[in-house]
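Trainee: With the hints as a guide, bring both chains together as one complex.
Sequences listed follow chains A and B, in order. Per the working numbering, the first sequence starts with residue 1, numbered consecutively. Per the working numbering, the second sequence starts with residue 1001, numbered consecutively.
FYI, nobody ran anything at the bench for these hints, they're computed from the structure. Fair warning: this is a prediction, and the values are worked out from it, not measured in the lab. Keep in mind that a hint or two might mislead.
Among chain A residues calculated to face chain B with C-beta under 8 Å, some are [what the hints assert, rightly or not]: (1) P45; (2) G64; (3) Q132; (4) G263; (5) A359; (6) H515; (7) S521; (8) G523; (9) C525; (10) R529; (11) G531; (12) N537.
Mimicking DSS-like on lysine-lysine, the simulated pairs with C-alpha atoms at most 25 Å apart in a straight line are [unchecked claim]: (13) B:K1206 to B:K1222; (14) A:K502 to A:K557; (15) A:K234 to A:K424; (16) A:K584 to A:K502; (17) B:K1180 to B:K1222; (18) A:K112 to B:K1180; (19) A:K375 to B:K1052; (20) A:K123 to A:K112; (21) A:K339 to A:K375; (22) A:K112 to A:K536; (23) B:K1180 to A:K375; (24) B:K1194 to B:K1206; (25) A:K502 to A:K591; (26) B:K1161 to B:K1222; (27) B:K1219 to B:K1207; (28) A:K536 to A:K557; (29) B:K1206 to B:K1219; (30) B:K1180 to B:K1161; (31) A:K112 to B:K1172; (32) A:K261 to B:K1194; (33) A:K584 to A:K536; (34) B:K1206 to A:K375; (35) A:K339 to A:K261; (36) B:K1052 to A:K79; (37) A:K557 to B:K1172; (38) A:K557 to B:K1052; (39) A:K123 to B:K1172; (40) B:K1194 to B:K1180.
We put the beta carbon where it would ideally sit given N, CA and C, even for glycine.
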Amino acid sequence: MGLNEMHAEAVAGVVDRVINRYRRDPTCMLQILREVQEACDWVPPEAIDRMQAMLGVPRTKIEGVAGFYSFIYTEPRGKYRVLFSDNITDRMQGNRALMERLCSNLWVERGKVSEDGLVSVGKTACTGLCDQGPGMLVNNYAIAGLNLERIDEIAELIRNKVPLADWPPAYFRIEDNIRRADILLNADFTPGEALLAARARAPSDGLNASNMRSWREGLPSGIGGPGATLDEIKRSGLRGRGGAGFTTGLKWEACRNAQLKAGHQRIVVCNADEGEPGTFKDRVLLSKCPDLVFEGMTVAAYAIGATRGFVYLRGEYRYLLDHLNAVLAHRRRQNLLGKDICGLPGADFDIEIHVGAGAYVCGEESALIESLEGKRGTPRNRPPFPVTNGYLDQPTIVNNVETFAAAALIALRGGEWYAGIGTKQSAGTKILSVSGDCERPGIYEYPFGVSIRQVLADCGATDTQAVQVSGPSGICVAENEFDRIIGFEDIPTAGAFTIFNKSRDMFEVARNYVHFFQHESCGFCTPCRVGTSLLKNLMDKLHYGSGSPYDFAEIEKLNQLLQSMSHCGLGHTACNPVLDTIAKFRPAYDKRMMQQDFTPAFDLDRELSSARQMTGRDDAGAHLETEHGGQS
Amino acid sequence: MSYTFTLDGKVVPFVDGQTIIQAASAAGIFIPHLCYHPEFKPHGSCKLCTVKVNGRHTASCTMRAAPGMVVESETEEINAERRALTQMLFVEGNHFCPSCEKSGNCQLQATAYHLGMMSAHYDHFFPNRAVDASHPEALLDFNRCILCSLCVRASRDVDGKNVFGLSGRGIKTHLIVNAKSGRLADTDFTLADKAAQVCPVGVILKKRQGFAVPIGERKYDKAPISETAETTEGR
Ligand SMILES: Cc1cc2nc3c(=O)[nH]c(=O)nc-3n(C[C@H](O)[C@H](O)[C@H](O)COP(=O)(O)O)c2cc1C
Ligand code: SF4
Ligand code: SF4
Ligand code: FES
Ligand code: FES
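Okay, chain B solo, but in the shape it has when bound (with noise of 0.2 Å):
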């Protein structure tokens, strides 16, 4: 069966089970997103794509599209919250974007410059957190993982591996690698998997690759997030 909903006033169908985020990008309509994947089981933790549906905040990589819902998105208390999330995401870890091999193709970064993130606007955490560079092709750069566990889930339910993990529990919440010694190098991680692939930001990044694409060419660089690829992806 075919329904629709409303989304910031424009009519959006959607079929049986389809969430909200996968009805709007199916119709060309971009929700940012930070954990979300349209290949993997929605996780609804980053909480980027929240909405109001019917006057409530709610996650719309999780919810499903129910006919008849009046969904708002690109308003500006929304958008400000959202801004919000992104610059805690910011402060948490240690972004330094200009020195990043991600730059440019990074999924925070493109979604901070949509949303006219200025400035981190809280004070730096400046967490202290060492980087695995023990695997011979690829390096992980902790200090910037969000925590999004699409590693996590791409190891685990496309790879078969389990590789990648989430340990500690609040703002000690931390990745882990499947190995006794905590190295990537003793994991069965290879460059073939997807989840080498998936790391919305520049933790798992594959070595001697260093700006092989200059910044100014990358990805976002010459669209912004909001009119690339991803947002049409669920159809």
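Just chain A, with the same shape it has in the complex (with noise of 0.2 Å):
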């Protein structure tokens, strides 16, 4: 037997593993190829073959699956993976120079597999690590706070081929930095006291549903969904923590209204996909009170009755993993979890946790839904709308891991507490990650109302120039506006809160989130899948010194048609560092305006750096003689 036929075969062994760990279920395919890779290393075709014949699926669909993730490799990238995070404040943090010396440490090219096949060093979007980077994955596990003496040491332990599992474990140790905890943060939780608090505020015995249609519909198959606690959450005026701010009533309560076909049954999903650059306080609430997110969705399942949950962890938040299982086995065992939940009969529910594979969109609830279901994360087209038409077609709600923390809470201190919290417009707290040019980085939660100016005092952030509230989709904030505040009525936050001192070049700030969009975009719509490619073009032409007031120009344009047109939220967004920072921080782009006329973007001597690479020659006969030579 020749060694790739023993190859083949104990690929063929994982791989059967794994499917039958998956119940030989096709909407499980990510799963399946997270876990094939982490076995393997990577995928090789051998596993799609086996998987093509297992799960009777053809190759298209699992390549195209494959494909589309940016943590799943259909290439060999190496025994030991290691990613960098790009965000920004990894940047503002280093991470360039540590990059380098890791490379140089270990003989290979950015990008690129050693020629060994032992390493391959590259770079990955925001990690959620900003509280304490510069961060990076190592085969998908997070490293933090990372310094030359530590990426010496792992170059050490590389060479050495220690595996992972060997590694010092304070590596892997990643700090909660909880600087300022509220009603969320503080609340002294027993995990089952909100169950038991929904229960008693219904009717009579708990099942007695609010309206006849849910107790039919309910009790047969599921928790019957009494109006009370669904009630309780509307009055308390809770809007989605991710983003768009819909009210959350009224989301459940399209969902626990919808009509349910034949064998359907309604779904809960928790968004802990957390990709938003400079968003990290998800991860902090999944690390210290998993049990008031899962709390939350049962609570969600009661109202609406609904019988599955899902939480679909990012990629990057792997390392939760064990751990958020052993919090829902334990759980199950505590009867607040599986069948009869608290003793309520009928009362069926249960969570199981997909782990993503390095691509933002997914945190778009439609993609979020599809790549559940085991497809390639494209937006849906809507209507019809997940309440509805969700995972495999059936009614399902989509909150983010803060709304559901939120709902436990409501669930058991009742609605009016909750919306006494805040502002009129926005009841409650908000969890704000701060990174960025501050003494203390970290999660501060704050009721809704807070300044910009009393968090910036609070983290110690001093000479700050600018604000990124929300992330690169949000909104960059200027010194003369730091009086606003946080709340739906002013500005709206996912979490994001990114600090720039004055000698932060803002360019440099909102091109590196225009790289962002572009790696990110998913590539179904024309508008953003090419528009995002023809705008981080332009930045780097600003970057290389060729543009001209033709340029802003063409910035406009395609912000124009990348609202109008793009298929969903990313693209209709993705202009939005580059205008804003052109409104506020003009002078960072007028240094770049070195032409006064169009000036074409390519570069003849810029286009010679491959070659002068080759050559291994970087001398000034290696170099043209250029009118506006911009140095790369």
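Mentor: This is the structure we're talking about:
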């Protein structure tokens, strides 16, 4: 038997084990690919052969899914796959020098696999470690607080082929860094409490539905969904914490009222994709109070009559998976999940965790559902909306992690109590992920209505030039706006609060964000797929000194087009960081307007850089004289 | 039940379940489109068919018609946006129309003429895409693929074969075929497949057919795309 056949046999064994654990269910394709890769270091063609045979799906489908996700490799990427987080904060913390050091220590070129096939070093979008960066992922496990010393140690471990499991545990310690806690992060909460409170609130024995239809529908197949709990959620004024701010009570009600087809059930999905650069509060909620989040999901299930739940956990948070599964198992033992929850006959609900694989767009709720179904994460055409036609065409609610945590507290303490916190239009608290130029980066929970200035003072930010609120798709706030407040009536936010002091170049901030959107566009629709690349090229053109006022007009036009023609929110917001910084930090752009008139982006000298690299020459003779020779 | 909406001021009748583009083409009104084909489930990706419905942009191939909608299509603003999308599709791939067998029969080219596109405007990306000439009867020139997924839908939904699929993400999205080797010859594709006939551009081409119909006498040479048969196919 040749080496290759042995290899193929071993691979098939791995695939069989994984597929059987997923009940040979093609909707678990992404999970299967991810686990096969964890065992084989990549997804070899033989694995796809086996999946094709065992799942009965065409190869085009498997390769289509595998090709969509950044963290699934259909080509070998080494035994150690290192990805440096490349958010703007990582750059400010010096990730570039660290990456170069690791590359030179390991004799590997950035983005390539080392000649011995041992290691690859690349970069990835924000890993949610901005408060303790620079960060990296090694085989999808997060390491924070990198410095030169640790990089040298890591190079040594890799060179000596030390298995990841034997690396010093201290590397993998991720801090919560909670700097200000309020009702959520301070909640002194006993698992099950909120469910019992919800049950006690129902008119008689907790099975009395507030309307006859859900009584009929709910009883035999699931939790009756007493209207009293839904009423509390509505009374609280709770709005979604994932960015769009949709009223949670209305979403739940629409799902509860959606007609159930035969054999269908209602679904609760927790969106823990947290891909917006600069956001890391869901990571902390899940590590510090997972019970509160799971209980919120169960409360939702109770209120709408759902029987199945999912958490979609971003791939970067893979390290949380085992702990979260242990918490779920514990809840099952406590009868807080499973059948007849809290002794309520028919109250059946369980939660499974699906792990993403490096695709920001999967945070968009319909793309998330596609991904949960084991497909490419392409946003759906809407209408219909998930509340009526969601996971496998069943009525589905998708809510953010923080929304569920708040819902659990509302079930426990009542809607009125919650509505009394925050401002009139924005009830409750908001958790901010503070990072960038300040003394105390970390997690800050405030009642809505807190001013930008207050947050800056609390985290020890001085000499602040700008704050990017809610990440690249949010808004960039300048100094004269620091008295504005966090709240749906003024500055809504999914949680990112990235601070830039006066030494920072806001043009480079915007350029980093534009690169992010270009990398994360799903590629489904023309305007976003091509437009984000055009925008990236324009920003790079300005960066290299070939910009003229003509290019400003082009950026404006692209923005119009992306706003009006794009298929989903990613395309709609992709120009935001550029427009905001042009409007508010014009000098940063004017510095780049080296040209009065249109100048082509093409620069012959820059194009020759690959030739210089190949010949190992960088002397004057290897350069052309150019009129506007911006150095790359 | 039958209802009406207005399209650029004209009253257009429709029946329950019809999309805007279906109702429009049944009424003989042309809305530019590339990924829409009356015989397949709409995809909604190229965005050429975008119209304004009650003031909001939306793809007319996926939006169901509703009574009383006020739809705008042939406005200077919308056509300028459509023109920009066509330009994007041109620079994203490698389209050298004079040497393309599909020239004159190509919907992208015809749509560009219809919209008055005079240049590519943006810098070309010049992607590096290999041609697949492995199959005895057909050639795949990926340089011209606009990712409309019509071949994917035709092969999956009509031929029951899944010969084609999309892989990659973002600007790296690309067409793949159903073979471990990645070659069309190793799939069960034949020229009799529906998928062999649906490509709106010059990707899926019949071999040994070069210029059988001379340029100048081809479909869109005779009449602009807005006046050819497809317009009313949705009837
Ligand atoms: C490109 C894109 C990415 C998104 N990413 C996230 C995310 O990571 N987490 C999240 O909760 N919502 C995200 N959203 C918003 C979701 O689509 C959805 O509105 C949200 O999960 C609803 O939950 P909520 O009502 O509790 O906020 C994203 C939206 C878009 C358009
Ligand atoms: S806007 Fe971008 S991310 Fe959204 S569907 Fe279009 S290509 Fe995909
Ligand atoms: S090959 Fe043709 S039909 Fe298929 S996706 Fe590309 S352009 Fe569309
Ligand atoms: S024809 Fe409607 S989006 Fe392509
Ligand atoms: S003419 Fe070349 S692709 Fe249409």
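Trainee: Looking at the structure, which of the earlier hints fail to hold?
Mentor: 3, 4, 6, 14, 17, 19, 21, 26, 32, 34 and 36
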